[in-house]
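Peer 1: Each chain, written out:
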Amino acid sequence: MTAFDLKVRRYDPESGESAYWQDVSIELEPERSVLDAILKFKADTDNSLGIRCSCQAAICGSCGVRINGQSRLACNTQLGEASEELRSSDGTIVVEPMGNMPVLKDLIVDMDAVHWKKVQRVVPWLLPEGDPPEREYIVPGEAMIDVTQSMACIHCGACVSACLSMEVDPEFIGPAALAKAYRFVGDPRDSQTEERLRDLAEDPHGIYDCTHCFACIEVCPKDVAPMSQIMRLRRRATGDYGIKDSNNGYGHGKAFVDIVGKYGTLHESQLVPRSYADGSLIKSQVRPDSLKQLAEGLPTVLNGLRSGKVSPVKAIWHKKLPDQDQVRRIYHEVESRGERIELNLYIVGDEAENAQMGPDAGADEPAMGDAADVDTGARSTEEEGAGVQ
Amino acid sequence: MKVAYWPGCVSRGFTPELHGSMAAVAPKLDLELIELDRASCCGAGVIAEHNQELVDTLNARTFAMAQQTGVQMMNICSTCQGAQSECQQRLDADPDYRAMINSHLEPEGLHYERAGREWTNKNLLWLLVEDIGLDALRERVVRPLEGLRVAPFYGCYIVRPTGRLGYDEFPQRDFYLDWVIEALGGTAVDYAGSHKCCGFPVITMARATSLRQAGRHLADAIDAGADCLATPCPLCHLNLDLQQPDAEKYVERELGIPVLHLPQLLGLALGLEPRELGMDKHVVKTREVQRKVRELAAA
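For the record, the sequence lines run as chains A and B. For the first sequence, position 330 (counting from the first letter as 1) is numbered 896 according to this note's numbering, and the numbering increases by one without interruption. For the second sequence, position 161 (counting from the first letter as 1) is numbered 305 according to this note's numbering, and the numbering increases by one without interruption.
Be careful, since some hints might not be right.
What the hints assert, rightly or not - Calculated lysine-lysine pairs in the PhoX-like style (CA-CA distance at most 25 Å, straight line):
{"#": "1", "chain 1": "A", "residue 1": "Lys788", "chain 2": "A", "residue 2": "Lys810"}
{"#": "2", "chain 1": "B", "residue 1": "Lys393", "chain 2": "A", "residue 2": "Lys885"}
{"#": "3", "chain 1": "A", "residue 1": "Lys885", "chain 2": "A", "residue 2": "Lys858"}
{"#": "4", "chain 1": "A", "residue 1": "Lys880", "chain 2": "B", "residue 2": "Lys393"}
{"#": "5", "chain 1": "B", "residue 1": "Lys425", "chain 2": "B", "residue 2": "Lys393"}
{"#": "6", "chain 1": "A", "residue 1": "Lys683", "chain 2": "A", "residue 2": "Lys671"}
{"#": "7", "chain 1": "A", "residue 1": "Lys886", "chain 2": "A", "residue 2": "Lys858"}
{"#": "8", "chain 1": "B", "residue 1": "Lys425", "chain 2": "A", "residue 2": "Lys880"}
{"#": "9", "chain 1": "A", "residue 1": "Lys858", "chain 2": "A", "residue 2": "Lys810"}
{"#": "10", "chain 1": "A", "residue 1": "Lys683", "chain 2": "A", "residue 2": "Lys606"}
{"#": "11", "chain 1": "A", "residue 1": "Lys858", "chain 2": "B", "residue 2": "Lys393"}
{"#": "12", "chain 1": "B", "residue 1": "Lys429", "chain 2": "B", "residue 2": "Lys393"}
No lab work stands behind these hints, which were simulated from the structure alone.
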């Protein structure tokens, strides 16, 4: 048994008192969880401490809290490890309710008001077309690889709690709900793929409101990588359906990719105006709403010029890479194939990790052993422009 | 120490003072830079969003050119670090996939060799702590930044996801900027925003989200008493410095706190003059920082 010091955030809205920190000392084995410590404290000392929990085995997703500032499951965090973490001050384990959601009491947050409401927003059920088949729907196995990861979500809310976009924009649909959206966008049985994508691309708080900070990927206890699912939604919306949204998501992506294809490096002063014009100033008109957005950015451009960062010449002219023909050839080879190849690490795993598991784990097996089969299965190809067949 | 140096696009674009200050500070650190001036953009997460095979090939090409130099690779941009580490993770994970990507590089005789521990691609910040060492850095300081309160701003791409960014081997990478500031004699300011997002990736798509993020972190740093911020990421610099006057509107308060690039901060402590470090090329004027540094020199 080891003695652990916890600092627990307490708040009871019915008391009329403000929130406060409570010091909790518990003796337990270091392998036991933070949840065990809290439940022991409840049982032995103060039963009024509020926490939500059920399975205590990282399956139900009920006990999401923040431990030493990091959103995670209390049942899935060992006391010994938490007390030795670099961010825990002098070994004290700091336990708070999750972020981005209102606190109901102590460590319990209002999941209904935020998380579940957002999940409902994305229509989280299958919308097939036509009469249902006599028996089950038949789907090729490869077609489900990409959605496997999003299906692993246990709705603990850790990603919602950690989301840095939601911190400044509470209306952002958010990582959990958007990962759930991909679960249906990527499902070949669904008939509303384009409608779903258009909806999420046009919403100002949709897929283009994700700032790409990786916070959700870092905290997810089930490796759902919500941000990667959001990027898949963007890829499908722009690459497969060419959805030209009013948030400039399509324009920004297209402009960026085209500029690197042309020059090899980024030409920022072209990127900005082209982003507001569906990617190209020549081929399309700047939309009226984009003009307003472009105008908002003008003072910034002037500041850049005034500070001497950007010369007028540099703003217009950009040097190509000496070997730009190589870059262009690579673009052509990859893009002319008409299908995208993606390596899904969630399925493949990491070669280094596999190797570390020792010779018995397959590292010394013939090259065409089981591992090779897994590889083939996890490399999904998607036909360009293919919708729901 | 010799490195294959990838400066990135933005350091030669909208933050030229970063490229210049890195060149100026390298000799002070005994760093010999072999510039990868034929390498392409890392994709900054945007090309990856469009087509993974394309971005993995572009970065495999950069890695192959760096490997040809026979020394490890260094970048000066958190975003390049994160975007390239993401590609490297995929390339290293699957031999068949790697061979397929390498086949695109064959016409030029380039080939990416799976990286073990002998070849690495590190941001300057990691290289400073892990390869040069904080003691060696301390010995080189000629103008300790005593009294200068610096708020570190890391940039998402070198702090998350830890599983991909070498934190298993180097678990303290998210403290390095604080340590470097202290090694240079300054005071690292503790504030809420140090490891959060600057908002830059969505500046053209969700301007309010973007500038509320930048504005909030700047305001937190000011409230914590910082004289300036320092960042190893030029994209963060764009949102925190270039966009700062506009960010004021979104957080409804005055800001006006200078933001230094990591090589500029190093340069000041290693005896270079603010002008040599391009500190006159900022949108938020660096006068106050320069004044403090001058006072240090006089004392």
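Peer 1: Taking the hints in turn, state whether each one holds.
Peer 2: Okay, the hints, checked on the actual structure:
1. A/Lys788 <-> A/Lys810: violated (33 Å)
2. B/Lys393 <-> A/Lys885: Violated - the C-alpha atoms of A/Lys885 and B/Lys393 are around 35 Å apart, more than 25 Å.
3. A/Lys885 <-> A/Lys858: violated (30 Å)
4. A/Lys880 <-> B/Lys393: Distance ~29 Å between A/Lys880 and B/Lys393 Cα, so the pair is violated.
5. B/Lys425 <-> B/Lys393: holds (23 Å)
6. A/Lys683 <-> A/Lys671: holds (20 Å)
7. A/Lys886 <-> A/Lys858: violated (31 Å)
8. B/Lys425 <-> A/Lys880: The given pair, whose Cα atoms are some 15 Å apart, holds under the 25 Å limit.
9. A/Lys858 <-> A/Lys810: Given that 25 Å is the threshold and the Cα spacing comes to 17 Å, the pair holds.
10. A/Lys683 <-> A/Lys606: At roughly 33 Å apart (the allowed maximum being 25 Å), A/Lys606 and A/Lys683 break the hint.
11. A/Lys858 <-> B/Lys393: holds (16 Å)
12. B/Lys429 <-> B/Lys393: holds (19 Å)
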